[in-house]
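Could you slot chains B and C onto chain A? The hints should help.
Listed below are the residues making up each chain.
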Amino acid sequence: MTRDPEVVRLVVIPGDGIGPEVVAATVPTLRTALEAEGHRPDVTSYDWGGERYLRQGAAMPADAADLVRKTDAVLFGAVGRPDVPEHEHLVIVRENTEGEYVARRPAPYGRPRRQRHHGGGDIRRPAHDGKPGMVRMRYTRRLVRGTGTLAATFACLLLAACSAGSTASGGTGKNALNIGLTAEPANFDFTKTEGAAISQALLYNVYENLVKLDQSGKIRPQLATSWTLSKDRKTYTFHLVKNARFSNGAPFTAKDAAFSIERVSSDWTIAQKAQMDVVDTARAVSPTELKVTLKRPSNDWLYRMTTRVGAMFSRTGVDKLATEPVGTGPYAVRKWNRGDSITLARRHDYWGREPHFASVTLKYFKDPTAMNNALLTGTINVIGTMQSPDSLYRFANNPKYKVIEGTTNGEVILSLNNGSGPLKHPKVRQAVRYAIDHKALMDTCWAGRGKLIGSMVPPTDPWYQNLTNEYPYNRDKARKLLEESGQAGRTLRLRLPTLPYATACGTVVKSQLEQAGFKVKLDQLEFPAAWLTTVFKNADYDMSIISHVEPRDMQAVFGSKTSYTRYDSPEFRALLKKADQGTQQEQITAMRAAARLLSKDAAADWLFLLPNLMVANKDITGLPVNTVSESLDLTGLGRS
Amino acid sequence: MIVRLAQRIAILLASLAVSSVLVFAFMAVLPGDPARVALGTSASDTAVAQLREQFGLDRPLVEQYLSWIHGLVTFDPGNSYISHTPIGPQISDRLQVTLWLVGTGMVIACIVAIPMGMVMAVRHRKPSGLILSALSQIGVAVPAFLAGILLITVFAVGLGWLPANGWTPPVEDPVLFLKQLVLPALSLGVVQGAVLTRYVRSAVLDVLREDYLRTARAKGLRPTQALLRHGLRNAAVPVVTVLALQLATLLVGAVVIERVFVIPGLGSLLLDSVSNRDLILVQDVVMIIATAVLLVNFLVDIVYLLIDPRLRVGAS
Amino acid sequence: MSAPNTEAAVASAAPEGRRRRRPVPGSLLVGGLIVVAVLGMALLSFVWTPHDPTLVNPAARLETPSSEYWFGTDKFGRDVFSQIMMGSRTTLFVGFVAVGVAALVGVVLGIVAGMAPGWFGELLMRGNDLILAFPALLLTIMFSAVYGAGTLVAMIAIGIASIPHFARLIRGGTLQVMRTEYVIAARAAGRGPFAIALRHVLPNVSGLVIVQASVGFAIAVLAEAALSFLGFGTPPPTPSWGRMLQESQEMLSIAPRLAVFPGIAIAVAVLGFNLLGDGLRDRFDPKMEDRR
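Residue numbers (the numbering used here), protein chains in the order written: chain A, 196 to 835; chain B, -10 to 305; chain C, 805 to 1096.
Here chain A stands alone, though its shape is the one from the complex (with noise of 0.2 Å):
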């Protein structure tokens, strides 16, 4: 080289969003740090990013790698505009000899692992299969060696960019929102991942569907604006939006519909999928038309599309499931904070109406006094799930707070082992209905909120019906049965869940029993891990409490002779079949007797239907009084 050694030439990236912000701010400090090392900087800037993207349709020129192999080091902001896709953008690896340092833009939440690059020096534009294009170069040994100041204020500057990658996530505003709510997701991927965090979160926001359910819990379109049913009612055509995106930029037809129904048997892994079991082919006509075969007649099926097995997915979309989900939703993830909260920022891509917040943040509280605090204290606007009922009065008379109170799909249930033990005797079984004072119950473990049920239906579903009498509380006649069984000196194990309305109606679910003669031995077992595996998997229990919420789960809980209740009832299962298959009058008559079976055999005892309780700011408005869905839909949110 022929230049003068004391010229460090610099480039100078000062990316998107508050990058430039940023950068303005340290260039000239770097340049009196080179400068007080004897160096002299030569600057120079690029406009590459995420703007330039949306400008000219490409984050970086195409001679990139020469623009930037010559110079001695690289100052880059921040790169990540949300409405920019992840895979077009600008992405920079660079490293010392030693491959100390590497920043990439957007910076990563760390080092995937076993990334390491080979060969020096090629550049490339962000190839299509979504893998990061990267420049690589070496520092010159002279500034490897060069003094410690440089070596700090590059890392202070690394370090500056990278957090102001994550500054600009809301909070606070007129068009932030914060939610509270109680269980985290493990991950965003409800295709692998058991439990209704993820759809809850995800559900309508980020994924849509070609129907969803509306706060009536009636099915309407979303995806698809119309659809139709042939006279055999086993082949549905879907007429779908024209203008859909994806949030990777992809757009959305009718192949990533079939490829989305297809997928769900094929690469799911929880127990939902079954409910696509149905399917015989889902073939896309047209772009904006899809049709679907079943193998036999279903009304349950169309309902389905509604939950999480009905998500539409892009086939460019699937990689990352976990980490980086793609949907065609009005929100797309913009930031993850494990263990505290997600924020969700509104699309501006987003091909139907515009929500009201553009930026939403889900914060988790595991304790419920907590999350009570944070809205007393303007933390959150929103109490998501009210976790705690007997401290809703500290809202109740406030008039800074409005509270809604409706139903949902949580039937809080006694799981009783109809398949072993001593609960295997049906006596038993009704010894144990008879005995729960259900009123006292709920007004004691749950402060009176909620409803009573009777059966694993609520009363928003078109075939509720009242059966809390079938076992009116009489202590005396459980006391008898009991006897009669000749069960009377075993002791029953009560396994509860550690959850907050599990632990509490736990105590006075024993303390009824034994009241009535009953031996119990409670034990609690940490949710998920413990009780997913002990009580639900392997069914070594006689007695638990969960809330079922998924919709519509009778066939789920009590429909299979594996499933943990271990009930096996031929004439229950036909009676579900024949639900599914017939008219829609026919399906009404026969979820009614298929309830009251269950009901009259005692598979269960219903203990209450958890409410939905919400409190909010007096100014939130859309909020569901009753939740019918999965989903904590966050579209017809606003403020007044």
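For the record, the hints were derived by calculation from the structure and aren't laboratory data. Hints may be right or wrong, so weigh each one.
Derived DSS-like pairs (lysine-lysine); straight-line CA-CA distance at most 27 Å [to be verified]: (1) 168(B) to 813(A); (2) 732(A) to 634(A); (3) 813(A) to 595(A); (4) 369(A) to 597(A); (5) 634(A) to 595(A); (6) 450(A) to 486(A); (7) 530(A) to 208(B); (8) 369(A) to 115(B); (9) 115(B) to 595(A); (10) 773(A) to 426(A); (11) 597(A) to 622(A); (12) 486(A) to 622(A).
Just chains B and C now, kept in the frame of chain A:
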């Protein structure tokens, strides 16, 4: 001196090795197959087997152990079983949060404990000393989370001066960060401070009994003067030891405060990953805490070597 | 204390020692009384409580203190006073298990390490230090994950975590005893190490054990409260002060007394054990013995 230093380093390395084996063995007996837990209860056996292979759970234990250690040593511990995100940044994020909390808490503890402990020691026979002593006894007896709940009730919910809970990284909003830090750091600091006060008191009492202090007083210095000029440095040694150990154990011990104030710290990460059976994450967090404690012990040993001439020449 | 100082120390400590002994009965007395009271309450609860502490009574929810319910009732209608009484059993159980485990292992380890010469004793103490790397709460969380949450599991974990403190203390005491003339004489007379440990070392370090046990008790009670708060402690419906405190949290604004009573109970019990430990330390302090 060099020999002793080498000895200490050897001990540290051996301790690290043994504890890593202990942690790994312990996790290996944890009931619940992590792959099955990750996939849920209804996953097919083939899916579980596939995931086991992906995680490397089907390999021999020794091999699993070695690859785990390799990951830790190279600061690339891989991805979590459950969240599929890299573990390294997760732990470092949480560790930073906890360090802020514990660090501030310990500073408060020192501010409370050092003057109070000294006063208690100097006046240990006077009523004022006894009253302070009684106060510190009560402080020791109050569970930290109760202190937290009381502080929230009074200052956040009651008076509305400070947020009741939550956490904001300092780079995002320094003012909110400080506001949110006050109450948790205070509840940690006051209770730890009470504990520390007892140590300061007894350390200062020990020093007060030393000959050189009596000599200093014989020179005509008042007790406080003598203590400040000659005693403090000697009294500081055991106090610093205790302080360092408290700091290390609080990495996980702060979890109770984290729970009360909804702070995503290291202890909470441990609890969450235990209940999710995110085995690899649990293993890493436990190992990091163990390493931290061992390192602190090591540093304390080294500091002793440096400042105590008796140890330096090798007398016991 | 090193030899050259002894004379001076004896000279100075004599008057101070006499004066210092005066406050001892204070903490010893108060601490002792509290501990006896907790013990008495626990024993009494086996034969009598005002109400059945686990009986759920929806008709009597959240009653304020009265002649019927001395401390009122909780949200399940259970009598708080009876629960506090029963809870003292859990508290003592917790203390005994944790301290038992720690003392048993720690004392043996400490004496062996103190008596074994050279590298073996050193190795034992290094192993002992290794336990320090796993703080009590960490061990408890790990143990609970394997064996399920429960008082016994938690307390064994706490006990294990407290072993190093016992072992270090006892080793120090043992080393001191081993240097005394009577032990040297006994060794010269050909007594085996086992006999020396039983005849000379154990009786002389027992004071230290009692002091540390008292402090360990206090630590265990606090730990139980913290663990119950996190859901790793005593499972319901067994009454425990820690869990009462945790359950009371959501009722704090309606019925603060539900937090006050168990809170006071914990604080007083911890205070009692700590004071007892302090008082006993002043009695058994080896430094004091040296000076006499």
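**Report entry** Pair hint outcome, residue 732(A) versus residue 634(A) [Cα-Cα no greater than 27 Å]
**Finding:** violated, 31 Å
Requested in this report: Take the C-alpha atoms of residue 634(A) and residue 595(A), compute the straight-line distance between them, and say whether it is at most 27 Å.
Outcome: violated, 31 Å
Query raised in the report: Between residue 369(A) and residue 115(B), does the CA-CA distance stay at or below 27 Å?
Result: Roughly 59 Å between the alpha carbons, so the hint for residue 369(A) and residue 115(B) is violated.
**Report entry** 27 Å limit on alpha-carbon distance, applied to hinted pair residue 530(A) and residue 208(B)
**Finding:** This hinted pair is violated, its Cα atoms lying about 66 Å apart.
**Report entry** Given pair status - residue 813(A), residue 168(B), alpha carbons within 27 Å
**Finding:** holds, 26 Å
Query raised in the report: For the pair supplied as a hint, residue 450(A) and residue 486(A), is the alpha-carbon distance within the 27 Å limit?
Result: Distance of about 11 Å is within 27 Å: holds.
Query raised in the report: Within a Cα-Cα threshold of 27 Å, do residue 115(B) and residue 595(A) meet the stated pairing?
Result: Violated, because 53 Å separates the two Cα atoms, which is more than 27 Å.
Query raised in the report: Holds or violated: are the alpha carbons of residue 486(A) and residue 622(A) at most 27 Å from each other?
Result: The given pair, whose Cα atoms are some 50 Å apart, is violated under the 27 Å limit.
Query raised in the report: Would the pair residue 773(A) and residue 426(A) pass a check requiring their Cα atoms to be no farther apart than 27 Å?
Result: Roughly 18 Å separates the two Cα atoms, so the pair holds.
Query raised in the report: Given the hinted pair residue 813(A) and residue 595(A), is their alpha-carbon gap at most 27 Å?
Result: Within the cut-off at roughly 6 Å; holds.
Query raised in the report: Does residue 597(A) pair with residue 622(A) here, judged by a C-alpha cut-off of 27 Å?
Result: violated, 46 Å
Query raised in the report: Taking 27 Å as the top limit, are the C-alpha atoms of residue 369(A) and residue 597(A) close enough?
Result: holds, 18 Å
Hint violations for this structure: numbers 2, 5, 7, 8, 9, 11, 12, all remaining hints satisfied.
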